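J.: Model the placement of chain G on the given structure of chain B, informed by the hints.
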Amino acid sequence: MTPPDRPRARRSARGRFGEKAVLLALAAAATISVLVTVGIVVVLVEEGALFFTDVPITEFFTGTQWFPLEGKFGVLPLLNASIVIALIAAVVAVPLGLGSAIYLSEYAPERLRRVVKPILEILAGMPTIVLGFFALDAVTPALQMVFPGLGLYNALAAGIVVGLLITPLISSLSEDAMRAVPNSMREGAFGLGATRRVVSLRVVVPAALSGIVASIVLAISRAIGETMAVTLAAGTIPNLSWNPLEGMQTITAYIVQVSKGEATRGSLQYDSIFAVGLLLFVVTLVINIIAVRIVRKYRTVYQ
Amino acid sequence: MTTNVDPEKTAKDSPIEIHLATGAADGGASPPAAGAQPGATSAEPSLGPPIFRLHDLGVWYGNHHAVKGVTMEVPKNAITALIGPSGCGKSTALRCLNRMNDLIPGARVEGRVLFGDEDLLSSDVDPVDLRGRIGMVFQKPNPFPKSIKDNLEFGMKVNGIKPTAERVEQALVDAALWDEVKDRLKAEAFSLSGGQQQRLCIARAIAVEPEVILMDEPCSALDPIATLAIEDLMKKLAERYTLVVVTHNMQQAARISDQVAFMTVEGTAEGNRTGVLAEVGTARQIFSAPKDPRTEAYITGRVG
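Chains as they are written, first to last, in numbering that gives the first Met the number 0: chain B, 0 to 302; chain G, 0 to 303.
If you are wondering where the hints come from, they were derived from the structure by calculation, not from laboratory data.
Since the model is a prediction, treat every value here as computed from it, not as a measurement.
Possibly wrong hints are sitting among the right ones.
So the derived list for chain G, only partly shown, Cβ under 10 Å to chain B, looks like this [what the hints assert, rightly or not]:
| id | residue |
| --- | --- |
| 1 | R111 |
| 2 | L113 |
| 3 | H247 |
Straight line, CA to CA, 27 Å or less: simulated DSSO-like cross-link-like pairs of lysine-lysine [to be verified]:
| id | chain 1 | residue 1 | chain 2 | residue 2 |
| --- | --- | --- | --- | --- |
| 4 | G | K139 | B | K296 |
| 5 | G | K148 | G | K181 |
| 6 | G | K234 | G | K75 |
| 7 | G | K67 | G | K148 |
| 8 | G | K185 | B | K296 |
| 9 | G | K148 | G | K235 |
| 10 | B | K296 | G | K148 |
| 11 | G | K185 | G | K161 |
| 12 | G | K139 | G | K234 |
| 13 | B | K296 | G | K145 |
Note that CB positions come from ideal geometry on N, CA and C, so glycine has one too.
Okay, chain B solo, but in the shape it has when bound (with noise of 0.2 Å):
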């Protein structure tokens, strides 16, 4: 029965080389993309150490103005407005985004979803200088019909845009997570006399927490990061405040005007644009590493 001794075809070593080169190409691509990683830090650390030859980073970190033209650089009201307009852009995304994403994972029925849920990833993709314009030409006057007196450029009006932003990350995420909660288990809650109600934000929401909190985290990151919408909706006047309804200047926003053209090259204020990139970059590196951490601690492991 056993079949005959054939002897098999020997393969020469270069049938191998197809082998070797697709793995040579992959390792120059991660290779390549971890180098330039490393060497942004490299440039952004080694340029903002000039900056703080010259201003104190004390100063930097407990000044509560930042004129770079009179030579006062405390990075406070830029931090605070990049903070505050991620807060009012949490607060409108965390609802929406959750709510879209149980409605999706838990109530829509299967035909729907396959058509909401790309249409909603659209929206991640909108050029966000669009979502500037939008933020100036809609919100704002909506607004201004509620608060009457509303400046032009605000922050609340940035954050509801930035909010609108990252909706689509924080519900596309946190559906992914819901529907990564077991069948099974929807099933033993249904059992037991649940309602879909119950099930929805009893079961599955706390089953798939870490995944929603990390979506979450990531958004808010991505908030801080925002550059374009903010900048055209929130102004560019560096501003210590927690009102919302009055303009400020971001982070980011500081740094498109300075790269604009407005510093020239080896002035302090050209270097000051690499000490608020790396204080961002460390910014958003934190947040990415708690919500990193966040998944791991608490990722349930389904089988």
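T.: Just chain G now, with coordinates in the frame of chain B:
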């Protein structure tokens, strides 16, 4: 072999009717205990009065007729096993008893399922409410990613039962899990072994004080020792609850059940496969003297 008719099998030609006869004659005596019944097969133990009466039950998934024509009764305070080859619709039929099929888009159930006097399939019946009265244990243990205690309290809260420490303890005692977990009620349910998780799921079902517990291949993901523990538990539970158990394991059905329903698959002209009930009877009758040739072929291992 199939022509070798058991002389004790009297007049009735349908297994369903035979069961109806024994059920009707019984008038409420306790399960397997009693011996001879006048007018029924002398060797068959008696079964209690029915709690479910299924009449011409069928299930459609879209255009697929998954199960058709299931007519049988489920005796109270006894274990009924649904056996049969894969794809015969035994789980599908089981899921009609607590309206779990409602959750599947495109699923449609026809026929009647009387639970007491009420037709479970009627639109007046709230499936959410029903599932509190008819509990379910699934193929794979599916505890919630919460603590052992929270797993038990979940169902109680959902059904408006005040979650007290006594109720938690009682459910765990009844599910033969208390001694193993009493010192770590706050521990994650996932930290338990598979067999313990399944007993936790049984405890979770008991904790809402149902009248019936449906079990869908509850031991298929467990090792033999954990399986025996669950089987012992099922026999104990049958003193207080009605159990309907789907199993692919005939030995298990023989060990635990009072009544056995054998389902099989019929091919249709369109190439669809539809599950049908071939035979229902007491466990002893099905395993010692099956009337339907398909049952005999299956239990003797010639098919399936």
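J.: Mind checking the CB of G:H247 against every CB in chain B and telling me if the closest is under 10 Å?
T.: Check failed: Cβ of G:H247 comes no nearer than 18 Å to chain B, outside 10 Å.
J.: Under the criterion that the straight-line Cα-Cα distance not exceed 27 Å, is the pair G:K185, G:K161 satisfied?
T.: Holds: G:K185 and G:K161 sit about 18 Å apart, inside 27 Å.
J.: Does the alpha-carbon distance linking G:K185 and B:K296 stay inside the 27 Å limit?
T.: Holds: G:K185 and B:K296 sit about 18 Å apart, inside 27 Å.
J.: Assess, step by step, whether the Cα of G:K148 is no farther than 27 Å from the Cα of G:K181, and give holds or violated.
T.: holds (10 Å)
J.: Between G:K148 and G:K235, does the CA-CA distance stay at or below 27 Å?
T.: holds (23 Å)
J.: Could you check if G:L113 really has its C-beta closer than 10 Å to a C-beta on chain B?
T.: This interface hint is violated because 20 Å lies over the 10 Å limit.
J.: Check the hint pairing G:K139 with G:K234 against an upper bound of 27 Å on the C-alpha distance.
T.: holds (20 Å)
J.: Is the Cα-Cα distance between G:K67 and G:K148 27 Å or less?
T.: Not OK: G:K67 and G:K148 at ~41 Å, beyond 27 Å, violated.
J.: Going straight from one Cα to the other, do B:K296 and G:K148 come out at no more than 27 Å?
T.: Roughly 22 Å between the alpha carbons, so the hint for B:K296 and G:K148 holds.
J.: Within 27 Å, alpha carbon to alpha carbon, are B:K296 and G:K145?
T.: Roughly 15 Å between the alpha carbons, so the hint for B:K296 and G:K145 holds.
J.: Does the structure keep G:K234 and G:K75 at a Cα separation of 27 Å or less?
T.: holds (13 Å)
J.: What's the verdict on G:K139 and B:K296, does the C-alpha distance respect the 27 Å limit or exceed it?
T.: holds (25 Å)
When held up to the earlier numbered hints, the structure conflicts with 1, 2, 3 and 7 and fits the remainder.
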